[in-house]
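Use the sequences and the hints to build the structure in full.
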Amino acid sequence: MEPFLAISKQSPSFPEYLDFQKLRATGIDHLQKLSGQIWTDYNLHDPGVTILEVLCYAVTDLGYRNSLETKDLLARDPQALVQADGTPQTEDNFFTPDEILSCNPVTALDIRKRLIDIQGVRNAWIEKLAGSEPEIYVDRDRNQLRYTSPTAESSRIDPKDRLAIRGLYSVLIDLAPVVRTDACGQNYQPWESVMAEVNAVLHSHRNLCEDIYEVVVLGEEEIGLKTDIEIAANADAETVLAEIYIQVQHFLAPSLRFYTLQALLAQGKSTADIFAGRPSALPKHDPRSVYDERDRKSHGFVDIDELKAYTLPTVLHTSDLYKIILNVDGVIAIKNLEILSWINGIAKADPQPWYLHLSEHYRPVLGVEHSRINLFKQGVRVPLNEASQETIKRRYEQQKIVRLKAQRDAYELDLAVPQGTYYDSLDDHYSIHHEFPLTYGIGEVGLPQSATRKRKAQAKQLQEYLLFFDQILANYLKQLSQVRTLFSWDKDQWHRQNGQQHTYVSPAKPLDFPGFEETVQQAASYPAFLQDILEDPLTADARRHKLLDHLLARFAENFTDYVLVNYQLTGNAADPQRLQDKADFLKQYPIVSRDRFRALNYTQLPQGSRRNISGFQQRLERLLGIASQPDASADDERFYLIEHVLLRPRVTSLMDGDVRQSMLPINTDWSFTYGTENPAAVDPYSFWVSILFPSTPKRYQDPTFRQLIERTVRIEAPAHVAVKIGWFNPQDMAAIKTAYNAWACQLAFQSNSGQSSYCLTRSLNDLVALLSRLRSEYPAAVLASAAGEIDDKDNRFILGQSRLGGEISD
Numbered sequence: 008m009e010p011f012l013a014i015s016k017q018s019p020s021f022p023e024y025l026d027f028q029k030l031r032a033t034g035i036d037h038l039q040k041l042s043g044q045i046w047t048d049y050n051l052h053d054p055g056v057t058i059l060e061v062l063c064y065a066v067t068d069l070g071y072r073n074s075l076e077t078k079d080l081l082a083r084d085p086q087a088l089v090q091a092d093g094t095p096q097t098e099d100n101f102f103t104p105d106e107i108l109s110c111n112p113v114t115a116l117d118i119r120k121r122l123i124d125i126q127g128v129r130n131a132w133i134e135k136l137a138g139s140e141p142e143i144y145v146d147r148d149r150n151q152l153r154y155t156s157p158t159a160e161s162s163r164i165d166p167k168d169r170l171a172i173r174g175l176y177s178v179l180i181d182l183a184p185v186v187r188t189d190a191c192g193q194n195y196q197p198w199e200s201v202m203a204e205v206n207a208v209l210h211s212h213r214n215l216c217e218d219i220y221e222v223v224v225l226g227e228e229e230i231g232l233k234t235d236i237e238i239a240a241n242a243d244a245e246t247v248l249a250e251i252y253i254q255v256q257h258f259l260a261p262s263l264r265f266y267t268l269q270a271l272l273a274q275g276k277s278t279a280d281i282f283a284g285r286p287s288a289l290p291k292h293d294p295r296s297v298y299d300e301r302d303r304k305s306h307g308f309v310d311i312d313e314l315k316a317y318t319l320p321t322v323l324h325t326s327d328l329y330k331i332i333l334n335v336d337g338v339i340a341i342k343n344l345e346i347l348s349w350i351n352g353i354a355k356a357d358p359q360p361w362y363l364h365l366s367e368h369y370r371p372v373l374g375v376e377h378s379r380i381n382l383f384k385q386g387v388r389v390p391l392n393e394a395s396q397e398t399i400k401r402r403y404e405q406q407k408i409v410r411l412k413a414q415r416d417a418y419e420l421d422l423a424v425p426q427g428t429y430y431d432s433l434d435d436h437y438s439i440h441h442e443f444p445l446t447y448g449i450g451e452v453g454l455p456q457s458a459t460r461k462r463k464a465q466a467k468q469l470q471e472y473l474l475f476f477d478q479i480l481a482n483y484l485k486q487l488s489q490v491r492t493l494f495s496w497d498k499d500q501w502h503r504q505n506g507q508q509h510t511y512v513s514p515a516k517p518l519d520f521p522g523f524e525e526t527v528q529q530a531a532s533y534p535a536f537l538q539d540i541l542e543d544p545l546t547a548d549a550r551r552h553k554l555l556d557h558l559l560a561r562f563a564e565n566f567t568d569y570v571l572v573n574y575q576l577t578g579n580a581a582d583p584q585r586l587q588d589k590a591d592f593l594k595q596y597p598i599v600s601r602d603r604f605r606a607l608n609y610t611q612l613p614q615g616s617r618r619n620i621s622g623f624q625q626r627l628e629r630l631l632g633i634a635s636q637p638d639a640s641a642d643d644e645r646f647y648l649i650e651h652v653l654l655r656p657r658v659t660s661l662m663d664g665d666v667r668q669s670m671l672p673i674n675t676d677w678s679f680t681y682g683t684e685n686p687a688a689v690d691p692y693s694f695w696v697s698i699l700f701p702s703t704p705k706r707y708q709d710p711t712f713r714q715l716i717e718r719t720v721r722i723e724a725p726a727h728v729a730v731k732i733g734w735f736n737p738q739d740m741a742a743i744k745t746a747y748n749a750w751a752c753q754l755a756f757q758s759n760s761g762q763s764s765y766c767l768t769r770s771l772n773d774l775v776a777l778l779s780r781l782r783s784e785y786p787a788a789v790l791a792s793a794a795g796e797i798d799d800k801d802n803r804f805i806l807g808q809s810r811l812g813g814e815i816s817d
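Take 8 as the starting number for the sequence shown in the working numbering and just add one per residue.
Be aware that a few hints might be false.
Unchecked claim - Simulated crosslink set (SDA-like; lysine to any residue; CA at most 25 angstroms straight-line):
{"hint": "1", "residue 1": "467", "residue 2": "520"}
{"hint": "2", "residue 1": "384", "residue 2": "335"}
{"hint": "3", "residue 1": "553", "residue 2": "575"}
{"hint": "4", "residue 1": "355", "residue 2": "369"}
{"hint": "5", "residue 1": "78", "residue 2": "434"}
{"hint": "6", "residue 1": "355", "residue 2": "374"}
{"hint": "7", "residue 1": "705", "residue 2": "572"}
{"hint": "8", "residue 1": "78", "residue 2": "424"}
{"hint": "9", "residue 1": "744", "residue 2": "706"}
{"hint": "10", "residue 1": "731", "residue 2": "647"}
{"hint": "11", "residue 1": "135", "residue 2": "201"}
{"hint": "12", "residue 1": "291", "residue 2": "618"}
{"hint": "13", "residue 1": "594", "residue 2": "507"}
{"hint": "14", "residue 1": "594", "residue 2": "278"}
{"hint": "15", "residue 1": "516", "residue 2": "73"}
{"hint": "16", "residue 1": "594", "residue 2": "292"}
{"hint": "17", "residue 1": "233", "residue 2": "342"}
{"hint": "18", "residue 1": "407", "residue 2": "201"}
{"hint": "19", "residue 1": "400", "residue 2": "325"}
{"hint": "20", "residue 1": "342", "residue 2": "361"}
{"hint": "21", "residue 1": "330", "residue 2": "261"}
{"hint": "22", "residue 1": "78", "residue 2": "21"}
{"hint": "23", "residue 1": "315", "residue 2": "369"}
{"hint": "24", "residue 1": "485", "residue 2": "542"}
{"hint": "25", "residue 1": "29", "residue 2": "67"}
{"hint": "26", "residue 1": "315", "residue 2": "253"}
{"hint": "27", "residue 1": "594", "residue 2": "508"}
{"hint": "28", "residue 1": "400", "residue 2": "376"}
{"hint": "29", "residue 1": "233", "residue 2": "392"}
{"hint": "30", "residue 1": "135", "residue 2": "263"}
{"hint": "31", "residue 1": "731", "residue 2": "153"}
{"hint": "32", "residue 1": "731", "residue 2": "150"}
{"hint": "33", "residue 1": "304", "residue 2": "596"}
{"hint": "34", "residue 1": "78", "residue 2": "428"}
{"hint": "35", "residue 1": "731", "residue 2": "620"}
{"hint": "36", "residue 1": "744", "residue 2": "758"}
{"hint": "37", "residue 1": "731", "residue 2": "742"}
{"hint": "38", "residue 1": "384", "residue 2": "246"}
Calculated from the structure, these hints are not laboratory results.
Okay, here's the thing in structure tokens:
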């Protein structure tokens, strides 16, 4: 039996700020240092000690409330969890791991994880494309790209000078057996819908300046086994043979295991590692992702180490099969194991005793029909009739279905925001006047009628003296109750009083103690007066900026340069738009963070007010304070981002009638020896983007703000992506808008239909021609005289227009 544990008075198990005796001793020690020469009586009967004890008791109450769990202090009012229309209120202070830790796939392993999560895809591999079609060559004499090698025309051109566009990938898909039932009750294999989702996912999660060149569905190379196997005398032949088929099939075409979030956490993995490179699995968290009509759900999480081990084999060794078969229960020995392969019912080669080279773009599967496995017991062959063979095949097929992936519920894919206990009385303040002994006459009982006027005046003076401490305590509790709104990025949740948002908060009602109305003049308007003197609008805005900056710093983000430049432009330190820009950025941070390198989905067209832009462009708009709503002011500052890899010539539409696709111009520098590696100057497609800004908006005409924009663009761009930035007048921007929209529409049409489009070639050529002749415009500058005077007519100086190989300046 465990001994009874009691709380010791000498060493209580609670912190010092809740220890009344230590607070009292600290207070007396402080008083002795301040007034020890004139105040020597610190016994219990002294009024000063009584006041100290009451305040110490009140401080312990503050400490108790302040020591509540963080989730309790930040808990939402249950009445605020439901909106007026009955729908749940969204969380406005915290993000779940699926929101904030997920990101757009970056590496090949990340993309594989997302593809394998599709029902019907067993495995997938991403391969860099060594060369693309059509072939493109560099003509150094003419300083251009061309489709044919100019070797015969010029001795300076090497046949190896073929341009290899980087950033293109081939995707190999290993389809798994998926059985669905139609309206008539018939089973079918939905390969078309599976491949449609594969293409949708690839385009939805495409990275900036990368593209999918082709999607290859792996064919099946059936592996037949030819061997004699000795089994135990008490073993069931049907069970052993079925298990051999199952284990061999799992070895040839393994199915990746999916875990729940809770299972991986139980293994000791951190949430950061679990969500690394994983896109959001819940549609409500990632509106840009593509989900099919069945409201697709994720199958869980993939262990990255297991995924790395699942490679596409090129050679099959019989030694591996020996090991697999010998591990089956009931198998004693194997004799004369040979393997052979079949493609589309045709034998590829003779049986091989040691190894077999597998065909490219085919995945090995067990060919039961092509296998000849003889079972023996004590040297006597075990006969298996037709019924036994059917039973074995049925068991084998059933086990393959068991290995199919199961969809997970939302609670298995994400962690909920901790829900604390909401204390609606957290800011309730019980005046310290009520804590004094009755003899002081400042409590509810007050002084007797027989008290002298001097005695009543003394009580009033004490109440006025204590009012300072009482108000400080009440303000603290009110501030504590507003911690959630204090750190909220939703401006609708910010505390407002007297028509102004505040960060320092005081109670909205007078203190509750007898004689307050007599103690404070104009007691009814006292709370409003107190709030106004507590924090003026400029102080509130400055503190709100600091609070938002603190939240931004937690995500390693800052708006310092942006705010300073805008202050330089407007001269208004309290510009509410700057607060709104920060708050909007924080509110949309999961999207602008995980999608910072996500490219646009060019298979989709804008729908209504929803713009089809890349995640990188969306992040830039947020960082530069360009409004997200499609209003007139925002449209004036909109810019276009064009990935050069999407302007590459395509085989499907290279020649349409008499029109051939144009190519981007190049700028070659022959001051160095041209080697085997293509420098960026002769490759205008690989990892290049053009960002086209209008030059006329008021902010864009300021050189400092332009520098901020260009600096922000180059800092935020991926390190491997080169950026060309241009500034253009309204006429050029109108031409860009027309050419870009026409090209984007035709690209979406061809991508969805898979057919060559004459209009795409025309629109591509128009866009390439426009980009080739565009010239940046810079704001006019004027020269000042020695006296500082400026003459716009005589001394105006216009900056030169830079040019890079006929393209827009960088």
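Results for each hint:
{"no.": "1", "hint": "467 <-> 520", "in the structure": "holds, 12 angstroms"}
{"no.": "2", "hint": "384 <-> 335", "in the structure": "holds, 15 angstroms"}
{"no.": "3", "hint": "553 <-> 575", "in the structure": "holds, 19 angstroms"}
{"no.": "4", "hint": "355 <-> 369", "in the structure": "holds, 12 angstroms"}
{"no.": "5", "hint": "78 <-> 434", "in the structure": "holds, 16 angstroms"}
{"no.": "6", "hint": "355 <-> 374", "in the structure": "holds, 13 angstroms"}
{"no.": "7", "hint": "705 <-> 572", "in the structure": "holds, 13 angstroms"}
{"no.": "8", "hint": "78 <-> 424", "in the structure": "holds, 9 angstroms"}
{"no.": "9", "hint": "744 <-> 706", "in the structure": "holds, 21 angstroms"}
{"no.": "10", "hint": "731 <-> 647", "in the structure": "holds, 12 angstroms"}
{"no.": "11", "hint": "135 <-> 201", "in the structure": "holds, 23 angstroms"}
{"no.": "12", "hint": "291 <-> 618", "in the structure": "holds, 18 angstroms"}
{"no.": "13", "hint": "594 <-> 507", "in the structure": "holds, 22 angstroms"}
{"no.": "14", "hint": "594 <-> 278", "in the structure": "holds, 22 angstroms"}
{"no.": "15", "hint": "516 <-> 73", "in the structure": "holds, 22 angstroms"}
{"no.": "16", "hint": "594 <-> 292", "in the structure": "holds, 13 angstroms"}
{"no.": "17", "hint": "233 <-> 342", "in the structure": "holds, 10 angstroms"}
{"no.": "18", "hint": "407 <-> 201", "in the structure": "holds, 18 angstroms"}
{"no.": "19", "hint": "400 <-> 325", "in the structure": "holds, 23 angstroms"}
{"no.": "20", "hint": "342 <-> 361", "in the structure": "holds, 13 angstroms"}
{"no.": "21", "hint": "330 <-> 261", "in the structure": "holds, 16 angstroms"}
{"no.": "22", "hint": "78 <-> 21", "in the structure": "holds, 20 angstroms"}
{"no.": "23", "hint": "315 <-> 369", "in the structure": "holds, 19 angstroms"}
{"no.": "24", "hint": "485 <-> 542", "in the structure": "holds, 15 angstroms"}
{"no.": "25", "hint": "29 <-> 67", "in the structure": "holds, 11 angstroms"}
{"no.": "26", "hint": "315 <-> 253", "in the structure": "holds, 23 angstroms"}
{"no.": "27", "hint": "594 <-> 508", "in the structure": "holds, 19 angstroms"}
{"no.": "28", "hint": "400 <-> 376", "in the structure": "holds, 10 angstroms"}
{"no.": "29", "hint": "233 <-> 392", "in the structure": "holds, 18 angstroms"}
{"no.": "30", "hint": "135 <-> 263", "in the structure": "holds, 23 angstroms"}
{"no.": "31", "hint": "731 <-> 153", "in the structure": "holds, 23 angstroms"}
{"no.": "32", "hint": "731 <-> 150", "in the structure": "holds, 20 angstroms"}
{"no.": "33", "hint": "304 <-> 596", "in the structure": "holds, 24 angstroms"}
{"no.": "34", "hint": "78 <-> 428", "in the structure": "holds, 7 angstroms"}
{"no.": "35", "hint": "731 <-> 620", "in the structure": "holds, 18 angstroms"}
{"no.": "36", "hint": "744 <-> 758", "in the structure": "holds, 21 angstroms"}
{"no.": "37", "hint": "731 <-> 742", "in the structure": "holds, 18 angstroms"}
{"no.": "38", "hint": "384 <-> 246", "in the structure": "holds, 14 angstroms"}
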